[in-house]
Amino acid sequence: MTWAHFNWLAPPAIILWFLASLMVMRRKNKLADMFMIGGILIFAVFIVGFWIGVQRPPMRTMGETRLWHSFFLSAAGFLAYKRWKYSWLLVFSSLLASVFAIINMLKPEMHSIALMPALQSYYFVPHVTAYMLSYSILAVGTIASLIQLKKINSGKPDFNLYAFLDNIIYIGLGFLMLGLITGAAWAKEAWGHYWSWDPKETWAFITAAAYLIYIHLRLREANRKITLLMLPLAFVLLMITWLGTSFLPSASGSVHVYS
Amino acid sequence: MEEKKFIWGSPWGYRASMFTVAAMVFGGFLLQLLYGPFNFYFLHRPVNYIVGALMLILSVLSLSAKNNELAKRLSGIHLAASLMVFLLIFSLIMGLTPQMTSLPQNADLWARLGFAQVTSSWPFIIIYLATLMSLAMTVARRVKERRKGDLVFLLNHVGLWLVLAAAGLGAADMRRHVMYVQEGQMEWRVHSDDRQVMELPLAIRLDDFIMEEYPARLAIIDRKTGAAQPPGRPELYQFDPEKSKTSLLDWDIQILDYHYQAVPAGAGAYQYSNMPASTQAVQVIAQNHHSKIIRLGWLSPGNSLLPPSTLFLDDKFALVMAQAEAKRFVSKIKVFAQSGQETEAEVEVNSPLRVGDWLIYQYGYDNRAGRMSTYSSFELIYDPWLYPVYAGLILWALGALGLIVQGKPGRGKIE
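Protein chains in written order, with the working numbering: chain W, 29 to 287; chain C, 810 to 1224.
In case anyone wonders, no lab produced these hints; they're calculated from the structure. Treat each hint with caution, since some may be false.
[As the list claims (entries may be wrong)] Pairs of lysine-lysine residues, derived as DSSO-like cross-links and limited to a Cα-Cα distance of at most 30 Å, are as follows:
no.	chain 1	residue 1	chain 2	residue 2
1	C	Lys-1033	W	Lys-135
2	C	Lys-1217	W	Lys-179
3	C	Lys-1217	W	Lys-135
4	W	Lys-184	C	Lys-1033
5	C	Lys-957	C	Lys-881
6	W	Lys-228	C	Lys-1125
7	C	Lys-1217	C	Lys-881
8	C	Lys-881	W	Lys-253
9	C	Lys-881	W	Lys-110
10	C	Lys-1033	C	Lys-1101
The model shown is predicted, which means the values in this text are computed figures rather than measured ones.
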């Protein structure tokens, strides 16, 4: 298979994912499962066919990487949804997966944009997908924490929301740490350091530390408001890690400038 | 409220823990002012073994001291969270202010306190070691308590301890050298930091250096200044040998012919050749959107032996082929270790070779010569701590997966 086949296979997959999202919102869970799996299978078939077609692992160009992003985001999002039954997990991940598929259809000239040798690694896709999943999940946690803060201010904290918050932060932190661990292993393979305090790495550490503090504060009764305020704060730090490192004076010369 | 109790009373709260950690940091600042930055060489083997072993022994001993208040406090969550808060503060300083590799003579107080080199400052090292100690004691206590469902907890904490201990304390044993090897030759010497020639216990013979390039990109430049257009945000066209039409600025460009390896064939044309000095070349036809002027010709980025070829579009602009970018570069090498072990391998970026405790990384090549480079350079890293760190990373990754599957333990899922 070649990219030409992608334009025939991607739209049905995107439509299936969209239908799955619609179904899960209407609580038709069986149908949602079927549609979701259908979309993931179409992607799997294309990836296998394309792999055979190009006669090498399709992990070299940006377009090929986006292919894996779509696949892993939808698959991991679906598994997380099956485990936790949070319907927005499915909606979120299928939306993200569709965005990457659509970029590949609309901007075919970006397929062949070169990946520099250091980026050509099997760590690339898990590293980036884990971070993308964690960022989206932690975004949900942040919104929930703001809702809870508002409820505390009006004197009626929602105890179910606490449990939801804790779980969601554990899941998000799990993906965040997977991104960090794959990043460290990759850095060792590419440059010989696990961690060189590159600005992006420093900020990834800051973000992880902030979420770790939240988790540990929750284990022993600390001031509830301060504990909850850690979450919006951590998310601000996360946004700086993601987008802001290119603007910081300390970040000139980062190895992550391309990201 | 409970907090009114004297801060050092039992149970130990956040306030006492924060004071304790702040005191450690204060002590660190004093050491920093007295002795300057922390010298990692101090932890060189066997010191790091002793430090690590002491931590493990102390944490096991702390178990036998029944109801020991100090042990409880050091392995408690309050101290752990306080250490994390200080780690967060130090890393924020690192993330917000430029860090230096060495201090200038006239460094200000901020720099002399270690804020310009946080990772080698005494306060940071002390917090790092205290975190290791706290982790070890927490793990020891939880192993003893044998709580149900502690697997994920243990995976995360044991994994993190191994990574922080082996990669952190172990960093003192690492050595790195860059070695330059000419094609067809054998090399075992490197330069040390003070420019002395050193002999390594490994020799590398470079049998072949292969570099693959991406098809060079096309750009329109200003004929006078050479600046790629539009200025500021130049448009570069990476053509795909399968798809051969594009437009750049006001010009439609079609690729007629492309050679990855070519040499000039007279009259501005190029032809295929597998000579070592060959370069990329492309034949294009360009038509202006407005004036409909057509230009036809060959482009080439050239190399150190062949001049570049450009196509003049009009009085102001020319179409050029930019310097090709590396797709991959591979060195075919044979490594001879002192033990008599011989290893043949292909080394490339993201795929180092391991020989004993040495890792050999593809480092660079002659950038100006590109694929004609006659040498390849390698970074040789001596790292005896690879396995413990990887074991730690794997345990920790399993722990992270555990968090994803399990969520927060002890509380059911809330619909």
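### Query
Which hints from the list above does the structure break, by number from lowest to highest?
1, 3, 4, 6 and 9
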